[in-house]
Amino acid sequence: MSVDTILSFDEAMEKYDPVLGFEVHVELNTKTKMFSSAPNEFGDEPNTNVNEVCLGLPGVLPVVNKKAVESSILIGLALNCKIAEHCTFARKQYFYPDTPKNFQTSQYEDPICYDGWLDIELEDGTVFRVEIERAHMEEDAGKLTHMGGATGRIQGADFSLVDYNRSGVPLVEIVTKPIEGAGSRAPELAKAYVAAVREIVKNLGVSDAKMERGNVRCDANVSLRPHGQEKFGTRTETKNVNSLRAVENAVKFEIQRHAAVLDSGVLITQETRHWHEDTKSTTSGRPKSDADDYRYFPEPDLVPIVTTAEWVEELRSRLPEPPAERRKRLQSDWGYTDLEFRDVVNAGLMDEIEETVAAGASAAAARKWWMGEIARRAKVADVDPAALGVTPAVVVEIEKLIAAGSINDKLARQVLDGVLEGEGTPAEVVAKRGLAVVSDDGALQTAIDEALAAQPDVAEKIRGGKVQAVGAIVGGVMKATRGQADAGRVRELILKTLGVEG
Amino acid sequence: MAAINREDVAHLAQLAHIEMSDDELDRMANELAVIVDSVKSVSEAAGDDIPATSHPIPLTNVMREDVVGHVLTAEEALSGAPDAQDGRFKVPAILEES
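Going down the list, the protein sequences come from chains F and B.
Per UniProt numbering: the first sequence = residues 1 to 502.
Per UniProt numbering: the second sequence = residues 1 to 98.
Honestly, the hints are just simulated from the structure, not real lab data.
A virtual CB, placed ideally from N, CA and C, is assigned to each residue, including glycine.
Some hints could be false.
In silico DSS-like links for lysine-lysine, alpha-carbon gap of 25 Å or less [unchecked claim]:
| no. | chain 1 | residue 1 | chain 2 | residue 2 |
| --- | --- | --- | --- | --- |
| 1 | F | K92 | B | K90 |
| 2 | F | K101 | B | K40 |
| 3 | F | K410 | F | K400 |
| 4 | F | K15 | F | K66 |
| 5 | B | K90 | F | K143 |
| 6 | F | K15 | F | K67 |
| 7 | F | K15 | F | K31 |
| 8 | F | K31 | F | K177 |
| 9 | F | K466 | F | K496 |
Pairwise CB distance ranges, derived in the manner of DEER restraints [said to hold, decoys possible]:
| no. | chain 1 | residue 1 | chain 2 | residue 2 | range |
| --- | --- | --- | --- | --- | --- |
| 10 | F | Y94 | B | A45 | 53 to 63 Å |
| 11 | F | A364 | B | Q85 | 54 to 64 Å |
| 12 | F | Q270 | B | Q85 | 29 to 39 Å |
Construct the complete structure from the given sequences, taking the supplied hints into account.
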């Protein structure tokens, strides 16, 4: 396999203008498949979620899943699409063992959703509008595992094994119009667009939206043209780029590769490319050929879908607040800076903080705990902070204990450890571990007197007006009480004992 | 509608994975030409005011609720398979070494 020459990204950008296009496939999380009542479940034993329809056996009849149609309309509405009043299904014919019928049931001339747009906010706040060409309904294919050969890849495989559990899972394919004008931000836009689509379908609750499971899959089209030229260059389509980072890297790589090819005076071959995460590069798939003549024709076994304004409006009324708007509202409500808020979003803790605030904590306290102690422990445990096992209620209770003076920040961290070790609620951990702050002034006074006696020179300094020296005595008291004293109260008592004004 | 010639039939046969002899190609080209001609008369009968139909029965929105129904066991699913391994259908390698 030859290694492609690439230009540096900066040089590619100096010479060429990239045009992008995306096809994003979203697997719906309906209970059953698109055209059969077999279960739509991930991760089960092979070929146990199939029936005659998913296997394409002769004489079977598909029946459309109403929930899948409604989920498709919801996606369309969230992408600001028009909803077709009348649409049909079509057969897309090709021979491949992942498709037992030898055709995929899809939509062709009349997709259910069309002419939409999505505003994508880049990291620095620049908003870029991506136009949506269409979003149509179709079905997923089975899963092939290539056996034998050196690499487990399709090349050199001896044979393949097929699991049809995924065959017939409802898919919505979202196709953009050509995206012009992204310039050097093309890779970043690519990542942000796929992230936005994933967030929208997750927020709608119509897909599990896990890219690592293939719930959201992206094919990225890239072409280059010299600056100032209107006509698009020849494009390549990089298939199944299945993480957000890979989308960004694949678009960047293809831009650099195209630029090198064009620079050498050669034309780009219109072809599919395969992204390789290990080498961070693409290799040639197959060129577009006669085999891509899919001979679409109207599906004779399915009747048209007709949408009424009433139905569409009823669905529109179910739309949740769009993720981008929700973020703006929450940031404003919480008073976080852009940087603070971005960190929260990147840590995936927006929901947790929202629930924690709703449960009674201040926005500042919620952020302090989730982004601080909880995130730190999650990193050590190598899990997402949200999955660590701390609930918003725990954070709220710890904050209440601090506010009541029952524990201080240092003890609160031990309380958190106790909760994570399954010792119960924060209050129970405090009781079991004996973590309550020593608030009995008599006990504190004894410790203070001892600390002053142990450091008479420091005591003298404080009496002489060097109030900042009080820290050394506070430290002594905290040590004697094993951290279970309220440092502020200790300071007050020391100064009072020595007759000095704080 | 353009007439169907022998090359069209050969191309379609290739797309549909149908092996055809020279004699068969000749015969089918002629037969399909007749069929296309017959279909043409339908186009003449239907005026511009007749919308295209994709289905002979004027039904719409035949849908089912999203409720799990009939499912096969893996054994049943594989019972008609020419070859199987590890609960999965076994098929020949699809692409040659490249």
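Do the hints match the structure? See the list:
1. K92/F <-> K90/B: Satisfied, since the Cα-Cα distance of roughly 24 Å is no more than 25 Å.
2. K101/F <-> K40/B: violated (30 Å)
3. K410/F <-> K400/F: holds (15 Å)
4. K15/F <-> K66/F: Not OK: K15/F and K66/F at ~50 Å, beyond 25 Å, violated.
5. K90/B <-> K143/F: holds (12 Å)
6. K15/F <-> K67/F: Violated, at about 48 Å.
7. K15/F <-> K31/F: The hint is violated at about 50 Å.
8. K31/F <-> K177/F: Violated, because 32 Å separates the two Cα atoms, which is more than 25 Å.
9. K466/F <-> K496/F: Given that 25 Å is the threshold and the Cα spacing comes to 14 Å, the pair holds.
10. Y94/F <-> A45/B: 53 to 63 Å: violated (34 Å)
11. A364/F <-> Q85/B: 54 to 64 Å: Taking Cβ atoms as reference, A364/F and Q85/B lie about 59 Å apart, which means the hint holds.
12. Q270/F <-> Q85/B: 29 to 39 Å: holds (37 Å)
Violated hints for the displayed structure, listed by number in ascending order: 2, 4, 6, 7, 8 and 10.
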